[in-house]
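Peer 1: Make the full structure from the sequences, and use the hints.
Residue numbers (this note's numbering), protein chains in the order written: chain A, 1 to 450; chain B, 1 to 450.
Simulated from the structure, these hints should not be mistaken for lab results. One thing to keep in mind: the hints can contain errors.
Copies of the same chain look alike in the list, so a pair counts if it works inside one copy or between any two.
[What the hints assert, rightly or not] EDC-like cross-link-like pairs, simulated, lysine to aspartate or glutamate; straight-line CA separation at most 20 Å:
hint, residue 1, residue 2
1, Lys76, Asp10
2, Lys249, Glu11
3, Lys76, Glu11
4, Lys331, Asp433
5, Lys331, Glu437
6, Lys6, Asp73
7, Lys249, Glu13
8, Lys249, Asp73
9, Lys76, Glu91
10, Lys249, Asp10
11, Lys319, Asp285
12, Lys319, Asp73
Protein chains: 2
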Amino acid sequence: MEGQHKYVLDESEMPTHWYNIVADMPVPPPPPLHPGTREPVGPDDLAPLFPPELIAQEVTGERYVEIPGQVLDVYKQWRPSPLFRARRLEERLGTPARIYYKYEGVSPAGSHKTNTAVPQVYYNAQHGVTRLTTETGAGQWGTALAYACALFGLDCEVWQVGTSFDTKPQRRTLIEVFGAQVHRSPSRLTESGRAFPEDHPGTLGLAISEAVEVAAQDEATKYSLGSVLNHVLLHQTIIGEEALRQLAKAGEDRVDLVVGCAGGGSNFAGLAFPFLREKLTGAQDPTILAVEPTSCPSLTRGEYRYDFGDTAGLTPLLKMYTLGHGFVPSKIHAGGLRYHGMAPLVSHAVDQGWIQATALHQRECFEAAVEFGRVEGVVPAPESSHALAQVRREALACRESGEEKVIVAGLSGHGLLELGAYADFLADHLEDDPLSEDALVAALAEVPVL
Amino acid sequence: MEGQHKYVLDESEMPTHWYNIVADMPVPPPPPLHPGTREPVGPDDLAPLFPPELIAQEVTGERYVEIPGQVLDVYKQWRPSPLFRARRLEERLGTPARIYYKYEGVSPAGSHKTNTAVPQVYYNAQHGVTRLTTETGAGQWGTALAYACALFGLDCEVWQVGTSFDTKPQRRTLIEVFGAQVHRSPSRLTESGRAFPEDHPGTLGLAISEAVEVAAQDEATKYSLGSVLNHVLLHQTIIGEEALRQLAKAGEDRVDLVVGCAGGGSNFAGLAFPFLREKLTGAQDPTILAVEPTSCPSLTRGEYRYDFGDTAGLTPLLKMYTLGHGFVPSKIHAGGLRYHGMAPLVSHAVDQGWIQATALHQRECFEAAVEFGRVEGVVPAPESSHALAQVRREALACRESGEEKVIVAGLSGHGLLELGAYADFLADHLEDDPLSEDALVAALAEVPVL
Numbered sequence: 001m002e003g004q005h006k007y008v009l010d011e012s013e014m015p016t017h018w019y020n021i022v023a024d025m026p027v028p029p030p031p032p033l034h035p036g037t038r039e040p041v042g043p044d045d046l047a048p049l050f051p052p053e054l055i056a057q058e059v060t061g062e063r064y065v066e067i068p069g070q071v072l073d074v075y076k077q078w079r080p081s082p083l084f085r086a087r088r089l090e091e092r093l094g095t096p097a098r099i100y101y102k103y104e105g106v107s108p109a110g111s112h113k114t115n116t117a118v119p120q121v122y123y124n125a126q127h128g129v130t131r132l133t134t135e136t137g138a139g140q141w142g143t144a145l146a147y148a149c150a151l152f153g154l155d156c157e158v159w160q161v162g163t164s165f166d167t168k169p170q171r172r173t174l175i176e177v178f179g180a181q182v183h184r185s186p187s188r189l190t191e192s193g194r195a196f197p198e199d200h201p202g203t204l205g206l207a208i209s210e211a212v213e214v215a216a217q218d219e220a221t222k223y224s225l226g227s228v229l230n231h232v233l234l235h236q237t238i239i240g241e242e243a244l245r246q247l248a249k250a251g252e253d254r255v256d257l258v259v260g261c262a263g264g265g266s267n268f269a270g271l272a273f274p275f276l277r278e279k280l281t282g283a284q285d286p287t288i289l290a291v292e293p294t295s296c297p298s299l300t301r302g303e304y305r306y307d308f309g310d311t312a313g314l315t316p317l318l319k320m321y322t323l324g325h326g327f328v329p330s331k332i333h334a335g336g337l338r339y340h341g342m343a344p345l346v347s348h349a350v351d352q353g354w355i356q357a358t359a360l361h362q363r364e365c366f367e368a369a370v371e372f373g374r375v376e377g378v379v380p381a382p383e384s385s386h387a388l389a390q391v392r393r394e395a396l397a398c399r400e401s402g403e404e405k406v407i408v409a410g411l412s413g414h415g416l417l418e419l420g421a422y423a424d425f426l427a428d429h430l431e432d433d434p435l436s437e438d439a440l441v442a443a444l445a446e447v448p449v450l
Numbered sequence: 001m002e003g004q005h006k007y008v009l010d011e012s013e014m015p016t017h018w019y020n021i022v023a024d025m026p027v028p029p030p031p032p033l034h035p036g037t038r039e040p041v042g043p044d045d046l047a048p049l050f051p052p053e054l055i056a057q058e059v060t061g062e063r064y065v066e067i068p069g070q071v072l073d074v075y076k077q078w079r080p081s082p083l084f085r086a087r088r089l090e091e092r093l094g095t096p097a098r099i100y101y102k103y104e105g106v107s108p109a110g111s112h113k114t115n116t117a118v119p120q121v122y123y124n125a126q127h128g129v130t131r132l133t134t135e136t137g138a139g140q141w142g143t144a145l146a147y148a149c150a151l152f153g154l155d156c157e158v159w160q161v162g163t164s165f166d167t168k169p170q171r172r173t174l175i176e177v178f179g180a181q182v183h184r185s186p187s188r189l190t191e192s193g194r195a196f197p198e199d200h201p202g203t204l205g206l207a208i209s210e211a212v213e214v215a216a217q218d219e220a221t222k223y224s225l226g227s228v229l230n231h232v233l234l235h236q237t238i239i240g241e242e243a244l245r246q247l248a249k250a251g252e253d254r255v256d257l258v259v260g261c262a263g264g265g266s267n268f269a270g271l272a273f274p275f276l277r278e279k280l281t282g283a284q285d286p287t288i289l290a291v292e293p294t295s296c297p298s299l300t301r302g303e304y305r306y307d308f309g310d311t312a313g314l315t316p317l318l319k320m321y322t323l324g325h326g327f328v329p330s331k332i333h334a335g336g337l338r339y340h341g342m343a344p345l346v347s348h349a350v351d352q353g354w355i356q357a358t359a360l361h362q363r364e365c366f367e368a369a370v371e372f373g374r375v376e377g378v379v380p381a382p383e384s385s386h387a388l389a390q391v392r393r394e395a396l397a398c399r400e401s402g403e404e405k406v407i408v409a410g411l412s413g414h415g416l417l418e419l420g421a422y423a424d425f426l427a428d429h430l431e432d433d434p435l436s437e438d439a440l441v442a443a444l445a446e447v448p449v450l
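Peer 2: Structural data, given as C-alpha cells:
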C-alpha cells in the first residue's frame with residue numbers, strides 16, 4: 001500500500017497577504033449598480049452594511065492586501081492547511097495523473113468559511129459593531145461566523161435556509177454551541193420572510209434578504225456575507241497562495257488542472273485565483289474548472305446579466321451568471337451550492353474564457369466521495385464531492401490517454417455533519433436532482449432589464 | 001484578544017518508537033490468568049484472537065518498540081498531532097496556570113483510536129487475516145478500525161453497543177462509509193448476545209463477548225480490541241512522546257499536572273505513560289490524574305481484583321479495578337467511558353500510587369466543554385470533556401492560590417458526531433448520571449473469587 005503524502009508549511013512560510021485578482025485582469029469587471037438609481041454603487045451606499053475596511057477591500061485595485069496580525073494569529077490555529085498527494089486514490093483509479101487536494105476541513109468550523117469569517121468579524125469589532133447578522137445554507141458559513149463572533153465577543157444571528165434547518169439539527173446545534181442564535185428562514189421576524197409561507201423550504205437568496213433587512217435597521221448591527229462579494233473572495237485566496245507554495249515543495253512547478261466546486265464562488269475563487277494569476281501573467285497555463293450541481297447550474301445554464309444578490313431585491317445589482325433571483329433549486333444535499341447567482345469576479349472570468357465550468361448530478365458526486373473517503377480517510381462535504389467527482393472523471397481519462405496530468409482539487413470541508421445524506425446514498429435512497437426547466441424560464445423572466 | 005499557540009513537530013521529529021511503561025515499573029504488573037485453569041496465560045492461549053506481533057507486544061519487557069515504516073506512513077496523514085497552548089481559555093478563566101492540550105481529533109476517525117487501529121490491522125494483514133471483528137461504545141473505535149481495514153483491504157464487522165446504535169445513527173453511517181458492517185449489540189448472531197433481550201441497551205463488555213465469540217470460530221478472522229490491553233496502550237504512547245517534544249519546544253521542561261479521561265484506559269495511558277516514565281525515573285515529578293464518570297467509576301469506586309474483560313466471561317482474567325463484569329452503567333453520553341474495568345497497566349499504576357483518579361458528573365463536563373469550544377474553537381468529545389472539566393477546576397484553584405502550574409490535558413477527540421448530547425445540554429435537558437449502589441454491590445458479588 002502506497003502512503004499518502006502531506007505537504008505542510010511552517011508558520012513562517014505562511015502567506016502574509018491576500019491576493020486580489022482584479023489587479024491582474026486585463027479587462028476590468030463591471031461594477032455593481034445601485035438597485036434604485038442603477039448607477040455604480042459608491043462606498044457610502046455600502047456603509048450601513050459593512051465596516052470601512054471591507055468596503056475598501058470590495059473596490060480595491062491593489063494586487064496584495066496585508067492580513068492583519070490578529071487575523072494571522074487566529075488563522076494559525078489551523079493554517080497553513082495541509083495539501084495531500086492522493087496516492088492511494090491514484091492507485092485505486094489506476095491513473096498516471098498526480099492528484100493533489102487542498103484540505104480546508106481542518107478549520108474549527110470544518111470548512112474554508114473561517115478564512116473570511118475571522119477577518120470580517122475582526123474589522124467589524126474594530127468599529128464597535130456589537131452584532132452581526134447573516135444567512136447560512138449548508139450551515140458551514142453560519143458555523144464559521146458564530147465561531148469568529150465568539151472569539152471577538154460579538155453577538156451573532158443566523159438565518160438558516162428552511163430545508164437545511166429542518167434536516168440538519170446537528171448543524172444548528174453546532175452554531176448554538178458557538179453561542180449564536182439561529183432562525184429558520186423564512187422567519188416571521190422580517191418583512192422579506194413574512195412574504196413567504198412559514199413552511200417554505202427557503203433559499204440562500206431569501207435568507208440573505210432577511211439578514212440584510214435586520215442589519216439595516218440598527219447602527220450597531222452589521223451584515224456579513226459568506227460568499228459572492230469581492231472582499232470575501234479576497235480573504236479566501238490564502239488557500240491558493242498556500243497551495244502554490246506546497247506544490248513547489250512537492251516539486252510541481254506546473255499544474256494542468258485546478259478543480260473546485262462553486263456555489264457562490266468563494267471556495268472556488270480562493271483556490272483558483274492565485275492559479276489564474278499564474279495563467280494571466282503567463283507563468284503557467286492550467287485549465288481552471290468550476291463544478292456546480294445540475295440542479296443549480298448558474299454558470300452552465302444561467303445568463304450573464306445584472307441581477308439581485310438576494311430574493312427580495314435589497315442588495316445591489318451584480319453582473320453575474322444568474323438563474324434569476326427568484327429561482328428555487330431542488331433540495332439537494334449540497335446546500336452550499338444552492339445559490340441562484342455566482343460571484344461577479346468568477347462570472348467575469350468565465351465570461352472572458354479564463355475559467356471553464358461544468359455541472360454534475362449528486363449521485364455521481366456521492367459515489368466519488370465514498371470512494372475517496374475509503375482510501376483517503378476523509379469524508380468530504382457534499383459540496384466538495386462535486387470537485388472530487390470531476391477529478392475522478394479526469395483521472396480515468398488520463399488512464400485511457402496515459403497523460404500524467406497534475407491535478408489540484410479543492411476539498412473545501414468535511415461531511416461529518418452531513419452523514420444523513422451519506423446514509424441515504426448507502427441505502428440507495430438518494431435521488432438525482434432534476435433542473436426544472438419551467439422554473440428556470442420563469443425565474444429568468446424576472447431578472448431586471450437594464 | 002490573546003491568540004492560541006500551536007506547537008507542531010516536523011515529520012522528521014516524529015517519534016519512531018512506542019514506549020513500554022512495563023520496562024520502567026519498579027514493581028511488575030500481575031499477569032493475566034486463563035479463565036479455565038486460572039494459570040498465567042501464555043502466547044498460545046491468545047493465538048486464536050491475535051497475530052504473533054501483537055501477542056509479543058502484549059508481554060514484552062522491551063522499553064521501546066519500533067513503529068513499522070508502513071504504519072508511520074499512515075500516521076503521517078494526521079500526525080504529529082498538534083499541541084495547543086490554550087491562552088484564550090486561560091484568559092477567560094483568569095488563571096495564572098499555563099494550560100496545554102494535545103489534540104487527537106485531527107485523525108481520520110476523529111479520535112486517538114486510529115493510533116492503535118492502524119498497527120493492529122497492519123499486523124493482521126501481514127498474517128493473511130481477511131476479517132476483523134470488534135466492539136464499539138461511543139463509536140470512535142469502530143470508526144477507527146473500519147478506516148484502517150479499508151486502507152489495508154480487510155473486512156470489518158463491528159458490534160455497536162445498543163444504546164449507542166440507537167441514539168447515534170451518524171456514527172453508524174460513518175463506520176459504513178468506511179466500508180464496515182455494523183450490528184446492534186446484543187445481536188441475534190451470537191450466543192453471548194442471545195442471552196440478553198434484543199432491546200437491551202448493551203454494554204461494552206457484552207459487545208466484546210459477541211466480537212470475540214465470532215472471531216474464535218474462524219481461522220481467517222481475528223479480533224481487535226480498542227483499549228484495555230497492553231499492546232493497545234503501547235500504540236497510544238505516541239501521544240505522550242510527541243507531547244513531551246512539543247512541550248520542550250514551548251520551553252516547558254517541567255509539568256505539574258497531566259490530565260486525561262479514562263474509560264478502558266488507552267487514551268489516558270497514551271498521554272500519561274511517557275510522563276510516568278519521567279516521574280518513575282526522577283526526571284520530572286508531575287501529578288498524573290485520570291478522570292472518569294461518576295456513573296462508571298472503576299478507579300474510584302471499583303475493587304482491584306481479577307475479573308473478566310467482557311460480560312460473558314470469554315476473555316482472560318485481568319487484575320484491574322473493576323465494577324464487576326456484569327455491571328451496566330447508566331446511559332451517559334460519554335459512551336467511551338462506559339466500561340466496567342480499567343486497563344491492567346493503569347490499574348497497577350493507581351494501586352502503586354503513581355497515578356491518581358477522580359470522578360465527575362456529566363453536566364459539569366458539558367459546561368466545561370461548551371466554554372472550551374467557544375474560546376478554543378473545538379467541540380470536545382463527551383469523553384474528553386471529563387479532562388477539560390478537571391482542568392477547569394485546577395485552573396480556578398490556581399486563580400485562588402496564584403500558582404503558575406503547567407497543566408497538560410488530553411483532548412482525545414472531537415464531538416461533531418455527539419451534537420445531540422450538546423443540544424440536550426443547551427436545552428437544559430441533560431440529566432446527571434446516578435451510580436446505582438445496589439447494582440454495584442450486585443455486580444461486585446459476581447466477580448470470581450480466586
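Peer 1: Next step is simple, just say for each hint if it's right about the structure.
Peer 2: Against the structure, the hints come out as follows:
1. For the homomeric pair Lys76 and Asp10, the shortest alpha-carbon distances inside one copy (10 Å) and between copies (16 Å) are both at most 20 Å.
2. Taking the shortest alpha-carbon separations for Lys249 and Glu11, both the intra-copy value of 15 Å and the inter-copy value of 14 Å come in at or below 20 Å.
3. Taking identical chains as interchangeable, the C-alpha atoms of Lys76 and Glu11 lie at most 20 Å apart whether they share a chain (7 Å) or sit on different chains (18 Å).
4. When the C-alpha separation of Lys331 and Asp433 is checked against a cutoff of 20 Å, the pair qualifies only within one copy, where the shortest distance is 8 Å, while the shortest distance between copies is 40 Å.
5. In this assembly of identical chains, the alpha carbons of Lys331 and Glu437 lie at most 20 Å apart only when taken from the same copy (16 Å versus 51 Å across copies).
6. For the homomeric pair Lys6 and Asp73, the shortest alpha-carbon distance between copies (10 Å) is at most 20 Å, but the shortest distance inside one copy (23 Å) is not.
7. For a Cα distance limit of 20 Å, the shortest separation of Lys249 from Glu13 qualifies both inside one copy, at 11 Å, and across copies, at 18 Å.
8. When the C-alpha separation of Lys249 and Asp73 is checked against a cutoff of 20 Å, the pair qualifies only between copies, where the shortest distance is 18 Å, while the shortest distance within a copy is 24 Å.
9. Taking the shortest Cα distances, Lys76 and Glu91 sit within 20 Å of each other only across copies (18 Å), while inside one copy they are farther apart (33 Å).
10. For the homomeric pair Lys249 and Asp10, the shortest alpha-carbon distances inside one copy (12 Å) and between copies (14 Å) are both at most 20 Å.
11. In this homomeric assembly, Lys319 and Asp285 never come within 20 Å of each other (Cα to Cα): the closest approach is 27 Å inside a single copy and 66 Å across copies.
12. Taking identical chains as interchangeable, the C-alpha atoms of Lys319 and Asp73 are never at most 20 Å apart, the minima being 35 Å within one chain and 48 Å between chains.
The structure fails hints 11 and 12 (numbered hints given earlier, in ascending order).
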